[in-house]
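> The residues making up each chain are set out below.
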Amino acid sequence: DTEVTQTPKHLVMGMTNKKSLKCEQHMGHRAMYWYKQKAKKPPELMFVYSYEKLSINESVPSRFSPECPNSSLLNLHLHALQPEDSALYLCASSQVDLGWVTGELFFGEGSRLTVL
Amino acid sequence: AQSVAQPEDQVNVAEGNPLTVKCTYSVSGNPYLFWYVQYPNRGLQFLLKYITGDNLVKGSYGFEAEFNKSQTSFHLKKPSALVSDSALYFCAVRAGSGSARQLTFGSGTQLTVLP
Numbered sequence: 004d005t006e007v008t009q010t011p012k013h014l015v016m017g018m019t020n021k022k023s024l025k026c027e028q029h030m031g032h033r034a035m036y037w038y039k040q041k042a043k044k045p046p047e048l049m050f051v052y053s054y055e056k057l058s059i060n061e062s063v064p065s066r067f068s069p070e071c072p073n074s075s076l077l078n079l080h081l082h083a084l085q086p087e088d089s090a091l092y093l094c095a096s097s098q099v100d101l102g103w104v105t106g107e108l109f110f111g112e113g114s115r116l117t118v119l
Numbered sequence: 004a005q006s007v008a009q010p011e012d013q014v015n016v017a018e019g020n021p022l023t024v025k026c027t028y029s030v031s032g033n034p035y036l037f038w039y040v041q042y043p044n045r046g047l048q049f050l051l052k053y054i055t056g057d058n059l060v061k062g063s064y065g066f067e068a069e070f071n072k073s074q075t076s077f078h079l080k081k082p083s084a085l086v087s088d089s090a091l092y093f094c095a096v097r098a099g100s101g102s103a104r105q106l107t108f109g110s111g112t113q114l115t116v117l118p
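Those sequence lines, one after another, are chains X and G.
So the first sequence is numbered by the numbering used here: it starts at 4 and just counts up by one.
So the second sequence is numbered by the numbering used here: it starts at 4 and just counts up by one.
Quick caveat, the hints were computed from the structure, so don't treat them as lab data.
Computed from a prediction, not measured in an experiment: that's the story for all the values here.
For lysine-lysine, the following DSBU-like pairs were computed, each having C-alpha atoms within a straight-line distance of at most 35 Å:
id : chain 1 : residue 1 : chain 2 : residue 2
1  : X       : LYS25     : G       : LYS52
2  : X       : LYS43     : G       : LYS25
3  : G       : LYS52     : X       : LYS56
FRET-style restraints, in silico, Cβ to Cβ:
id : chain 1 : residue 1 : chain 2 : residue 2 : range
4  : G       : ASN44     : X       : LYS25     : 13 to 23 Å
5  : G       : THR23     : X       : LYS44     : 21 to 31 Å
6  : G       : THR23     : X       : LYS21     : 43 to 53 Å
The beta-carbon is built from N, C-alpha and C at its ideal position, and this holds for glycine as well.
Chain X with its partners taken away, still in its complex shape (with noise of 0.2 Å):
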């Protein structure tokens, strides 16, 4: 059992709503991590928060907005999504050691989102 915990699995919305997928990990992990993953597809990093800042955005349009409200918790708030957004999105987190060292990532079993 996954140790990274994603809600909601599924996830069908229309190009003007608002929606947030949320991430929740209890492991004492400092970074936490959105990635987007088309199908049979590399995992995209699209945000990293360290110590619940944001210390990496990779230029990712504005209807996707991150949150790290404690170290625990992370969402990614959805608005006026395209048809190409549709994606598997995957949190995960690491510790933070040494400069990141270590870069083991633990990764949820991702949010199916599909956007009519």
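Could you slot chain G onto chain X? The hints should help.
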């Protein structure tokens, strides 16, 4: 810049036979190398990593990988494949310097183990 290549989109192997999934990398300085596996409709799972030390790294589920600096390779291996090993495998690299805070994933290799 750092990059990783997985030259095979698909690898098929018979159950009980040894398997190899190939990975080559390019990075400035010392590489930190990883293998992840993704089963259908699941997130990625960490299998093993090379940071420093012994060139042969052992990981989860009987997998191992051999770091070869001269060939800049980090191939994933298993002596005897199981049908349940069928999945999508990703190699990943990050530079050893402290400023590299993200992994670069390869394109993935679909492994199918035939009964």
